[in-house]
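So the chains spell out like this:
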Amino acid sequence: MKKGLNTGLTAFAVLTYLILIGLPTRLEGAAQPVLALLLALFFFAVLRSQGKEMGRGELLQSGLVAGLVAGLLVVAEIGFFVGLLADGVKIQPVFDKVVPLNMAALLNVRAGAIINGETSLLAYAILTAYLTGAGLLGGLLVLFTRSGTASTVRSTRIPGGRWLVILLPFLLFAFIYYLGLDGVKTFGNDKNIVRLLLVLVATGAGLFALAAAKEGVEKLAIGGLLAGVLLFLPFVLNQFQNSVMSIVFIFVMMGLGLNIVVGYAGLLDLGYVAFFAIGAYVYAFVAAPFSSPYISSLLTGMGISPDSPLLGYWSAIPLAMITAAIGGVLLGIPVLRLRGDYLAIVTLGFGEIIRLFMLNLGDLTNGPRGLLQIAQPTLFGVAPSALTSHLDAQGWIFLLAIFGSAVVAFVAIRLNDSRLGRAWVAMREDEDVAQATGIHLVQTKLLAFAIGATFAGLAGQLYAARQINIFPENFSLFVSIDALALIIVGGMGSIPGVVLGALALKGLPEVLRGVDEYRIVAFATLLIVMMIVRPEGILPSARRRRELHSAEAPPPDESDVSDKPTDGQLEGGRA
Amino acid sequence: MLTLENIHTYYDRIHALKGISLTVEQGEIVTLIGSNGAGKTTTLNTISGILTPKEGTVYLEGERIDHLPAHTVTHRGVVQSPEGRKIFARLTVQENLEMGAFNRNDDDGIASDYERVLTLFPRLRERIKQPGGTLSGGEQQMLAMGRAMMARPRILLLDEPSMGLAPILVEQIFEIILEINSQGTTILLVEQNAQAALQVAHRGYVMETGTIRLSGDAKTLLADPQVVEAYLGF
Ligand SMILES: Nc1ncnc2c1ncn2[C@@H]1O[C@H](COP(=O)(O)OP(=O)(O)OP(=O)(O)O)[C@@H](O)[C@H]1O
Ligand SMILES: [Mg+2]
Numbered sequence: 181m182k183k184g185l186n187t188g189l190t191a192f193a194v195l196t197y198l199i200l201i202g203l204p205t206r207l208e209g210a211a212q213p214v215l216a217l218l219l220a221l222f223f224f225a226v227l228r229s230q231g232k233e234m235g236r237g238e239l240l241q242s243g244l245v246a247g248l249v250a251g252l253l254v255v256a257e258i259g260f261f262v263g264l265l266a267d268g269v270k271i272q273p274v275f276d277k278v279v280p281l282n283m284a285a286l287l288n289v290r291a292g293a294i295i296n297g298e299t300s301l302l303a304y305a306i307l308t309a310y311l312t313g314a315g316l317l318g319g320l321l322v323l324f325t326r327s328g329t330a331s332t333v334r335s336t337r338i339p340g341g342r343w344l345v346i347l348l349p350f351l352l353f354a355f356i357y358y359l360g361l362d363g364v365k366t367f368g369n370d371k372n373i374v375r376l377l378l379v380l381v382a383t384g385a386g387l388f389a390l391a392a393a394k395e396g397v398e399k400l401a402i403g404g405l406l407a408g409v410l411l412f413l414p415f416v417l418n419q420f421q422n423s424v425m426s427i428v429f430i431f432v433m434m435g436l437g438l439n440i441v442v443g444y445a446g447l448l449d450l451g452y453v454a455f456f457a458i459g460a461y462v463y464a465f466v467a468a469p470f471s472s473p474y475i476s477s478l479l480t481g482m483g484i485s486p487d488s489p490l491l492g493y494w495s496a497i498p499l500a501m502i503t504a505a506i507g508g509v510l511l512g513i514p515v516l517r518l519r520g521d522y523l524a525i526v527t528l529g530f531g532e533i534i535r536l537f538m539l540n541l542g543d544l545t546n547g548p549r550g551l552l553q554i555a556q557p558t559l560f561g562v563a564p565s566a567l568t569s570h571l572d573a574q575g576w577i578f579l580l581a582i583f584g585s586a587v588v589a590f591v592a593i594r595l596n597d598s599r600l601g602r603a604w605v606a607m608r609e610d611e612d613v614a615q616a617t618g619i620h621l622v623q624t625k626l627l628a629f630a631i632g633a634t635f636a637g638l639a640g641q642l643y644a645a646r647q648i649n650i651f652p653e654n655f656s657l658f659v660s661i662d663a664l665a666l667i668i669v670g671g672m673g674s675i676p677g678v679v680l681g682a683l684a685l686k687g688l689p690e691v692l693r694g695v696d697e698y699r700i701v702a703f704a705t706l707l708i709v710m711m712i713v714r715p716e717g718i719l720p721s722a723r724r725r726r727e728l729h730s731a732e733a734p735p736p737d738e739s740d741v742s743d744k745p746t747d748g749q750l751e752g753g754r755a
Numbered sequence: 087m088l089t090l091e092n093i094h095t096y097y098d099r100i101h102a103l104k105g106i107s108l109t110v111e112q113g114e115i116v117t118l119i120g121s122n123g124a125g126k127t128t129t130l131n132t133i134s135g136i137l138t139p140k141e142g143t144v145y146l147e148g149e150r151i152d153h154l155p156a157h158t159v160t161h162r163g164v165v166q167s168p169e170g171r172k173i174f175a176r177l178t179v180q181e182n183l184e185m186g187a188f189n190r191n192d193d194d195g196i197a198s199d200y201e202r203v204l205t206l207f208p209r210l211r212e213r214i215k216q217p218g219g220t221l222s223g224g225e226q227q228m229l230a231m232g233r234a235m236m237a238r239p240r241i242l243l244l245d246e247p248s249m250g251l252a253p254i255l256v257e258q259i260f261e262i263i264l265e266i267n268s269q270g271t272t273i274l275l276v277e278q279n280a281q282a283a284l285q286v287a288h289r290g291y292v293m294e295t296g297t298i299r300l301s302g303d304a305k306t307l308l309a310d311p312q313v314v315e316a317y318l319g320f
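Here the protein sequences come in this chain order: X and B. Plus 180 on top of the position in the first sequence (first one is 1) and you've got the numbering used here. Plus 86 on top of the position in the second sequence (first one is 1) and you've got the numbering used here.
Just so you know, not all the hints are guaranteed correct.
Stated by the list, open to error - No more than 30 Å apart at the CA atoms, straight line, and that leaves these computed lysine-lysine pairs for DSSO-like: (1) K277/X / K371/X; (2) K104/B / K232/X; (3) K394/X / K232/X; (4) K394/X / K215/B; (5) K232/X / K399/X; (6) K215/B / K399/X; (7) K104/B / K140/B; (8) K215/B / K104/B; (9) K140/B / K172/B.
Since the hints were derived computationally from the structure, they do not count as laboratory data. Small disclaimer: the values here were computed from a predicted structure and weren't measured.
Using the sequences and the hints, build the whole thing.
Here it is, written out as structure tokens:
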């Protein structure tokens, strides 16, 4: 009962958010069923994890209560808004998406009815019924997916469910491929957006498929197939989809780096954008030397023409990495003794300092005018987009980002399993005890900062190539926040979690264009909801999950692990 | 084996150790007793390198270790089991123990020490997959000791291993200390429970406000009227 209430309140918060960003307006007549379906999925996810120990009746009751609470609260809220709108109160300046059309879609009435204050109670009742039904449906879905009687408390899945999870991404990718064929008219004008959404969903589904695969040959085979499909994607997507996916994977690289600093070593770094900026600017300096007044006059003085790049993309990689690593150590040294909140504040300042440098060192960085016409990466001296008509410039960047993410992920996995990885864990848990067990704190900390910075530097370099022109405002605090939010949402310390977080936070807003302006609100809401519903992230590392759920669940043993294949057992390293 | 000569340690301006000298010989159990705030923990932290003395020297088998960082001191075989059940609360018992062997890479030796620790503390074996923080106070104390032993110390610094334990467990802990010692580990034992500590130790030092008041054979101290009056409370 109490759990149902809590779930209902959370659902209400989610719905309010969706209403405030104007989703119903876009859904028009389909608003009620679509929202109800979304809500049912939400309830399903929550109840499935909460309701492990519940019997059939209790589960349905929880769903019912949750749905009813959410429904009544939303209806009260809408009633309030409708009242204001009918009275001609100007709420647009505060909530610009709360317009009659939005309310009309929610209640499935004409917009005119809202303006004239002619909404019937029946309309409200129907909406309440829809949402309550969503709660019931969520509960039923949980019952349906755990076979056996309610008395067998341990949830077991429908037979074949595992294979469904494994096959899903491949089916989706096949459909994406089909949509891209010439002459396919499905979805009409929305095809571009729908296809992007499908790519995001399919990639995410791939992570779950990987998690569902059995350790060993099966996992390797599925991982290999997924990698193959992913590498194929840049060739079949269009420029727009590729550009979104390239930014997603650039943030995967960033997230993996920040994950080392925050997730593995437990150092809350809010200035992470600094290293991203360093990587980008270092590459811009060598790839577009003419853009920087200082560098170009220096080169001219030495008798070198500044008009052509000093280094190609590949030979600039070590430079970007090393410079970023040095930046990491420089940040690390002064903060060695700081912990927790203090660390966060100082690193936050560091990120801003770097941005201000970029802005004010006009001679070197060209200030707010930015560095322009940055040379594109080549493959043995030729641009791949010139070789095949199937790969556009953004697709090439996307391909490089996949490649970079794979390399970075591999390094991160190896690090997690290493001695250094264990030292990070120990340090994260308790610095004093770590020291007493013989861990060199200074070295361990600086290595975390340096390695994390290196990954960000790599990502920054690719970002500069993607953008072609970079400006200081590309490297604001929000980049750090994005990176942090995506690892929190995905699951701190988990590599698949980072990918999922990047898909959700960098990819989805592009699909829901209108949401983009609400990004901050979106993050805040998402983070709050996450913290309540699933504090360990969507695809957490096994350790995190244990840490956060040790109070409510018995200590995990091996049988527990094999029992729930779809529940995100894969982890950034050892189980 | 371990010698402290005229050690002065400060916390900023607080003069916590005012000229401590003591020795621990190979194979001994030496106990350091004294009232709250006497400076016992400070002494151990100075030995293990967490604190650096302002004056004086610490020798380990003739080599100075007083200015070495903590992790190097651990590496040299001086391992501390800290006061107040300092364990990695969110790591499992097993991971805690493995962390103790951080500086070793003799896998066979680690495996045999792991067995040894679990044989000494059967409770830990029962709770091997449980997060350290969910253990009872006494079990956490055992875990801290076990973790220290996983480093295969030459000299083990124990800081109040019996703190807050039920009498039966106290007895058990002291038996285990004797057992560890008989297996060849030298022990410097800090204790509030002077009676029990002096019963297992070979020699003892009595501290008071940063200085050593008394020292001598454990049996002699047990009978010393000053000790009896101040710490044994008869
Ligand atoms: N971090 C610190 N900063 C300042 N003073 C400290 C600090 N730690 C200890 N002290 C002081 O140093 C003195 C010795 O403390 P210490 O912890 O060594 O005592 P102790 O003998 O271990 O006591 P107990 O039996 O209560 O553990 C005390 O007066 C204490 O207040
Ligand atoms: Mg003490």
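Hints and how they fare:
Annotation: proposed proximity of K277/X to K371/X holds, straight-line Cα distance about 25 Å (limit 30 Å). Only pairs whose Cα atoms come within 30 Å are accepted, and K104/B paired with K232/X is rejected, the gap being roughly 61 Å. As the CA atoms of K394/X and K232/X are separated by approximately 23 Å, the hinted pair is consistent with the 30 Å bound. Annotation: proposed proximity of K394/X to K215/B holds, straight-line Cα distance about 23 Å (limit 30 Å).
The suggested pairing of K232/X with K399/X holds, with an alpha-carbon distance near 27 Å, which does not exceed 30 Å. A distance of roughly 26 Å separates the Cα atoms of K215/B and K399/X; the hinted pair therefore holds under the 30 Å criterion. A hinted pair counts as satisfied when its Cα atoms are at most 30 Å apart, and K104/B with K140/B qualifies at roughly 10 Å. Straight-line distance between C-alpha atoms of K215/B and K104/B comes to about 44 Å, which puts the hinted pair past the 30 Å bound.
The hinted pair formed by K140/B and K172/B meets the criterion: a straight-line CA distance of about 26 Å does not exceed 30 Å.
When held up to the earlier numbered hints, the structure conflicts with 2 and 8 and fits the remainder.
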